[in-house]
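**Student:** Sequence:
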Amino acid sequence: MYRAEKYFEKGRKAGALTRFMWWSAGADAKLLQACSYSDHAKYFGLGGIVVATGLLATISGGYAFYTIFSPKEIQGALENATDMPSVVISGIFGLIWGAIIFNLDRFVVSSTGKGDGTEKITRTEFMNALPRIIMALILSIAIAAPLEIRIFQ
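Taking the working numbering, the leading residue of the sequence shown gets 6, the next gets one more, and so forth.
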């Protein structure tokens, strides 16, 4: 059996970015520190996906709030002007929205169990995962809708 020391220098600690990605994936950094490189990479990648989802939600939410709060009476040459108070309000609400989505996604990812160890998905495993699947679908629609509006505009 391989030991973690074979893969890493003894006493070497993970950097701040790595620890943040592990935390984003819902992993225990102290426990993961003793694991192999493949586990490090797995949870770093999973955390990266959660962070990317949060960033996309921030951008998407910010744009959605900007379309809500931007003044509608601008016409003609001023149509391309940016209303700074609307940008600030939209940015704040976009950050809040991104944080909400980030934490919900982090919860979905970290609460996913390992199952019974077989490849087959049992009815019990599916029923336990159903609330998370529904939440993931709602999150994907909530993130994609504002971007879809902008693309087809």
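Please note that the accuracy of each hint is not assured.
[Unchecked claim] Below, in silico cross-link-like pairs of lysine-lysine (DSSO-like), each with a Cα-Cα straight-line distance of 27 Å or less: (1) Lys18 / Lys35; (2) Lys18 / Lys47; (3) Lys47 / Lys125; (4) Lys35 / Lys47.
No lab work stands behind these hints, which were simulated from the structure alone.
**Student:** Could you run down the list of hints and mark each one as holding or not?
**Tutor:** Here is how each hint holds up against the structure:
With a C-alpha separation of about 10 Å, the suggested pair Lys18 and Lys35 falls inside the 27 Å cut-off, and the hint holds. Of the supplied pair hints, the one linking Lys18 and Lys47 holds, its CA atoms being roughly 17 Å apart against a limit of 27 Å. Of the supplied pair hints, the one linking Lys47 and Lys125 holds, its CA atoms being roughly 22 Å apart against a limit of 27 Å. Proposed proximity of Lys35 and Lys47 is supported: the alpha carbons are some 16 Å apart, at most 27 Å.
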